[in-house]
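Asker: Sequence:
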Amino acid sequence: MTVMNQNTVVNERRMFTVKDPISALTHLIGAIGAILGMPALLLQGARMGNSMAALGSYAVFMLSMIILYSASTTYHSFSINARVNKILKKVDHCSIFLLIAGSYTPVAVTVLPGREGMILLSIVWTIAVLGIIFKLCWVTCPKWVSSVIYTAMGWTAIFFMKDIVAHLSAPAFFWLLAGGLFYTVGAVIYAMKPTMFENRIPGFGNHELFHCFVLAGSLCHYILVFQYLTMLG
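Residue numbering for the sequence shown follows this note's numbering, starting at 10 and increasing by one per position.
It should be emphasised that the hints constitute simulated quantities derived from the structure, not laboratory data. Being a predicted model, the structure only gives us computed values, none of them experimental. In this text, a Cβ means the ideal position worked out from N, Cα and C, and glycines have one as well. Some hints could be false.
Derived Cβ-Cβ restraints for the label pairs, each shown as a range [stated by the list, open to error]:
(1) Lys28 - Met201: 22 to 28 Å
(2) Ile142 - Phe206: 31 to 37 Å
(3) Pro151 - Leu190: 21 to 27 Å
(4) Leu72 - Val194: 24 to 30 Å
(5) Thr204 - Met57: 20 to 26 Å
Let's have the full structure, built from the sequences with the hints guiding it.
Answerer: Shown next as structure tokens:
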């Protein structure tokens, strides 16, 4: 066997060996859940007589979730070569901005009055575009930088909290807040990498725990939209 053939075999084995099994599995679960959850949410909205704008906002929310979890699963599954891996990493990191903006979209459309909702949408989607450009240019930035940006964007709602609280029931606000807290704790773990979680379970460390918190945050916001926002749309 020639050196070239040996390298080809090694590359093929590397490509078809899951790079980060638990990280890939957790977000594969998220991707499948989002794919199954999208038609269920749209049917629920239609059954409740929601407007086309509301239904469109649910579609944006679920598509952003599908993109995020699919991108993350792909990135953590395959190790092809340095160039492709970097591209997959960029797509993975950029999709986080899409999920944050996508999660805000149903809230802005169904919860906030016209002007406030449009302002919130403009802010979060502008940040998303700028964040994607930033990540395309500097995907290797320190993790704490990414976490600060994601968290700050995620809590943009604090500037609209008075109107949000006025239009949401207490249970609905609970799910909104719970999702934000899960995402925030996950971001802190991602940035600080506490040693207490490493090597307790083989293959399960800080990053895998971060993935679990992201899943929990998405589930909370899905419950918010499915159970409560469809009653407003």
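Asker: Of all the hints numbered above, which does this structure not satisfy? Sort the numbers upward.
Answerer: Those not satisfied come down to hint 5.
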